[in-house]
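Q: In the order they appear, the protein sequences are chains A and B. Start counting at 1 in the first sequence, then tack on 2, and there's your number in my numbering. Start counting at 1 in the second sequence, then tack on 2, and there's your number in my numbering.
Rather than coming from a laboratory, the hints here were simulated on the basis of the structure. Misleading hints may appear alongside valid ones.
Simulated pairs of lysine-lysine, DSS-like, Cα-Cα distance not exceeding 30 angstroms [unchecked claim]:
no., chain 1, residue 1, chain 2, residue 2
1, A, Lys13, B, Lys354
2, B, Lys81, B, Lys98
3, B, Lys13, A, Lys81
4, B, Lys366, A, Lys13
5, A, Lys354, B, Lys366
6, A, Lys366, A, Lys347
7, B, Lys347, A, Lys13
8, B, Lys347, B, Lys366
9, A, Lys81, A, Lys98
All of these numbers come straight from a predicted model, not from anything done at the bench.
2 protein chains.
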Amino acid sequence: MQDITAPQGMKLASWTHAISQSTIQQLLAVATQPDILSFALGLPAAELFPTEAYAEATAHVLTTQHHALQYGMPCEILKHFIVQLMALRGVVCNSKQVFLTTGAQQAMSLLSRLLLDRYAPVLVEETIYSGILQAVEPLQPQLLTVPTDLETGMDLDAVEALLASGHHPAFIYAISDGHNPLGVSLSLEKRQRLVALARQYGIPILEDDAYGFLYYDDEPLPPLRALEEDWVFYIGSFSKILAPALRVGWMIVPESLISVLSALKEGSDINTATLSQRTIAAYLEMGQLPNHIADLRQAYRFRRDTMLRAMTTYFPAGTRCSQPANGMFLWVELPEMVDMEMLLKIAVEQKKIAFVPGWAFSVKRNHAIDRSMRLNFSCCNPERIIYGIGRLGELLSDAI
Amino acid sequence: MQDITAPQGMKLASWTHAISQSTIQQLLAVATQPDILSFALGLPAAELFPTEAYAEATAHVLTTQHHALQYGMPCEILKHFIVQLMALRGVVCNSKQVFLTTGAQQAMSLLSRLLLDRYAPVLVEETIYSGILQAVEPLQPQLLTVPTDLETGMDLDAVEALLASGHHPAFIYAISDGHNPLGVSLSLEKRQRLVALARQYGIPILEDDAYGFLYYDDEPLPPLRALEEDWVFYIGSFSKILAPALRVGWMIVPESLISVLSALKEGSDINTATLSQRTIAAYLEMGQLPNHIADLRQAYRFRRDTMLRAMTTYFPAGTRCSQPANGMFLWVELPEMVDMEMLLKIAVEQKKIAFVPGWAFSVKRNHAIDRSMRLNFSCCNPERIIYGIGRLGELLSDAI
């Protein structure tokens, strides 16, 4: 919670009394310091960015496209490439259903404002990515929550019970693959059941697929959007598969909603930076993204395995850990209670290591959350992962 | 007004029934076609973009800054350069008061959400930039309106009468220099009186200074923020002085509001594209922006004068026109009623010329609006301006 003090006598909108900057954003200042070994944030590995190719694409756009720096319409070529990317996820769509956004977060913000009336209910998991909470916060929604199983994902019995009892949330927020922060992916059976519930009760699903392309098993499961076209609003992003500094993402939505979303986006930031759109399109035209993603999958799989092995060695016996098939995060439940705030403070100050305490993602506090942490495995190289998990393990041995 | 049709049975937020994409955005599709001679939009002259220098700055950032493509905090160096830019506008501020945004439009959107409760009143001019209306639209505000004098700007007697009668708008929206669409700048006397009213009644002013750097007389007047620190929220943008394709703007606000704005922005799009921030900072470091702005002022002054002269020659006798000291727009009032919608249609289809009818900016319809149009003078070169004004004049001779 922030201390919000307007200049004397100035009145702010009423919802601002409850606003808070996320723990994640506050940790960004710490975690991006060069001497910090960070397991805290969802950062891609900086050394793997395709910087040279992207520089080449930018130079090409600025040299050859006369209006590269001008206002422009959403980039049609980019939309066509996104349709091709979606096919890799098993999703059939057309470019008129593609809506470009200033990152996945803007997609959540726009869809929240599109679907959610003030004070209306939304359905989220008890432990969930804080970005969706920030997107809905100005609308002061009623948060309906359901638990998550660490092996199969969202508790659909709880979802069905809520819907059957008459609750009608404006939407259900779901991360089918590489759940942030829990690292779990929805089982295929649950995917099918979830979209059936959405259809049956007429509830849209916001499917946040930021991590869908980063799968580490042989065959990824289809996202919800591959199973249901009308009731699933798919959210994708270039942040995790190309570069977060560009702030370009997309939605796949029913074509009939594009015009209202365009008006809402125009009022929010006019359009997504057209130079970034053009440059990403030029990079995609070079045809290197599929190979780049394959490289990321290989590197991140190895980092995940390295972190899991190191935890077996260095973390207290009885530590539970998710076994993520996708994404960037491990969810860790320690065998005993730990003062996570104190542990983080000591870890940062004495060992120069950062992580995120589990409660930072907690909508509804449950018993396990106070001994949980989220660890990112994509950002640090394997040597640093082993080193950092070792040091964290030492602190835990002292603390438990 | 759009035809908003959600998939069958899907409920959208209640405010969406009234949403509309702006006429400007609809015209963008027309005006950016290569064969159209456009006086319609606020486009900078594409041939004057500092493309080579910007390409050099981008290459420099991508080559030398290891984390250029990574998430990051708002760029401190860029904030310091903005403090220096503000000094050129006569504004004293420090970098802790600088808040980076995804263009000026996002500043309007964030400040609207910060200050405005649902259904609460805001004060705008009867004829005003549609972007502010789109920013407040989801909050369904009560629009209090005042007229604008084409030579001295906003009618402050009307503002004072509203405030004195007990209205308490969440903010007053003001464009002190190069008013969009009216082309007028506020007189110095009115600037002083407006900030005094803001202080007296405790009403924040959103000062949209997108055009402040583009002044064509010898000495520009100080913006409102130079006269009042607490009650004026200054909005600046790189779109008109550097390039709109980057979507980077800024606010100068009281430091105590930075944390709540950060939380609100984080929920909206996490942050402004850090690659763009870094690249603009690198471009500013090259020291070329002041000279670039001087070049723009010279070129645009000549285009403004060319358009004014051509209108004297080709437009009907009795045509009234603003004499803008700043910005990109002329406001034209024809001596007689014209069916503007039909005129635009004919102009685009037969002459390949686009403009914006005055009513596109009209909150409260008045008599003159139906014979008014906004013409942009920055985008086309002088030969095309003369040619286009000549063809529009011919159509007007036929129509009147």
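Q: A separate judgement is required for each hint: does it hold in the structure or not?
A: Against the structure, the hints come out as follows:
Distance restraint check for Lys13/A and Lys354/B: the Cα-Cα separation of roughly 49 angstroms exceeds the 30 angstroms cut-off, and the hinted pair is therefore not satisfied. Annotation: proposed proximity of Lys81/B to Lys98/B holds, straight-line Cα distance about 8 angstroms (limit 30 angstroms). Restraint check: the Cα-Cα separation between Lys13/B and Lys81/A comes to about 27 angstroms, which is no more than 30 angstroms; the hinted pair holds. Simply put, Lys366/B and Lys13/A have alpha-carbon atoms about 27 angstroms apart, close enough for the 30 angstroms limit, and the pair holds.
Proximity of Lys354/A to Lys366/B is assessed by CA-CA distance (about 60 angstroms); at most 30 angstroms being required, the pair is judged violated. Using a Cα cut-off of 30 angstroms, the hinted pair Lys366/A and Lys347/A holds, with the two alpha carbons roughly 24 angstroms apart. Proposed proximity of Lys347/B and Lys13/A is contradicted: the alpha carbons are some 45 angstroms apart, above 30 angstroms. Pair hint Lys347/B plus Lys366/B holds up; C-alpha atoms about 24 angstroms apart against a cutoff of 30 angstroms.
Proximity of Lys81/A to Lys98/A is assessed by CA-CA distance (about 8 angstroms); at most 30 angstroms being required, the pair is judged to hold.
Checked against the numbered hints given earlier, this structure breaks hints 1, 5 and 7; the rest are met.
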